[in-house]
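Participant: Using the sequences and the hints, build the whole thing.
Chains as they are written, first to last, in the numbering used here: chain C, 1 to 399; chain G, 1 to 68.
Do not rely on the hints blindly, as some may be mistaken.
[Unchecked claim] Using 30 Å as the maximum straight-line C-alpha spacing, the simulated DSS-like pairs for lysine-lysine come out as follows: (1) G/Lys49 x G/Lys11; (2) C/Lys47 x G/Lys49; (3) C/Lys47 x G/Lys11.
What the hints contain is simulated information worked out from the structure, not anything from laboratory work.
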Amino acid sequence: MNRIVVVGGSLAGVSAIDELRRRGYDGELTLVGAEPGLPYDRPPLSKAALTRLVEGEEPDDLLLRPAAWYDDRDVTLRLGVPAAGLDVAGREVLLASGDTVSYDGLVVATGSILRPSSIVDQLPSVHQLRTSSDAHGLAAALRAGGHLVVVGAGFVGMEVAATAVALGVTVTVVDIAPVPMSRAFGPALGSWFRRRHEDHGVRVLCPSGIARTEEVGRRTVFDLAGGERIVADAVLVGIGTVPAIGWLEDSGLALGDGILCAPDLTTSAPGVVAAGDVVRWDHSLFGESLRIEHWTNAVEQGGHAAATLLGEPAAFDAVPMFWTDQYDARVRCLGRLSPADDVAVLTETERSVVAVTSRAGVVRGAVCINAPRRLAAMRAAIAEQRQVEDLLSAAPAAS
Amino acid sequence: MAYQLLFEPGKCQGYANCLIEAPEIWDFDEDENRAVLRIVDPPDALRAKADASARCCPAQAIRVEETP
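Facilitator: Shown next as structure tokens:
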């Protein structure tokens, strides 16, 4: 293998480059990325980096790696030009500029793009948050203060709500779901998040539908399904993302909700592996197909796909993990959290929660809020498929 | 091959990912909201976990270095 191309200026892409060189691959290595700059870290864009931007500071530490890192690894950077197509028979990536890039081995790590939204189509001034450029735009709006309306009570929406209210912005969150964060955490933990946000002064309108929207001057008017009218100085729509696989539609690569991959992260095309948000694969631990849009998964799959490409395939079966920080709540999640699973709270105090999810008595996931020292044991319980009964009997005073 | 872990506590942001990846090596100070390195030169048997703890630190506060 002499020409490896990584498509996606992303965490998974950088991790793949790291592992390819670490394993001694010394052929050509090209990174293709849609955004103009070097790959950067996204989670801070809704939290600390957003705060700094609003305060007029430019976050200087968002780059995943400094420029010298790519030089040291002899990586050819083709940034600012998105991939537009893939010829799997001819082993060529087509770029939006019309150029083509040939490969022996290809890592697809194009990540996610914002989910299309009718609200965004109707209201040109609303903000979304995926890129650094998006964060700059949102920060400028928050700097003006006033009333921020967040449409969508998921990760990005609630993190931005927490950040904005701490900066003195008035915040209202609207979602059709009964509680915030419900898709990730279900009703019980969702209520915990609602209380946190309300305690900090965020108005949480869940469940609440939007009947009509209209831009009036520089403001946006929402008529809610319940009859109330709210007026926003700034709007953030945070309704999630979809995998960035549009450029692969005509490639013949097997696609579904993501790129359909074997457990070793190979795709249906020879010499093509995938990593990160775009990957849909069968996870042996949970007996179901997963697609994971979280930081650690991108890191681990990037390295894993690189190893597979270099001829050392293995099933990817890491226990998933993700986090969200809202106010002083540091939420760490492990395994598979499915709304269909049972939830058992092992310990709960004013400040911290440890809960596990299970199916047919077998532990599948865990949520630890402000309880970092419990994380390792929870991860082991998931990996070892322990009985939830064992954890409950071992838990100290699960009142 | 011998190696050691280099940890910059000033960079740590309390993600606790290291603790998830390698509980044998890391502990956590909840008051300071910071990881605590328990073993600077872990045994070879923990190398994969040591590497994972470095790789999965979003704050890039952990490095693994070969020692001659």
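Participant: Could you run down the list of hints and mark each one as holding or not?
Facilitator: For each hint, the structure was consulted:
1. G/Lys49 x G/Lys11: It holds: about 20 Å lies between the C-alpha atoms, which stays within 30 Å.
2. C/Lys47 x G/Lys49: 29 Å, holds
3. C/Lys47 x G/Lys11: With Cα atoms ~17 Å apart, C/Lys47 and G/Lys11 stay inside 30 Å; holds.
Checked against the numbered hints given earlier, this structure breaks none of them.
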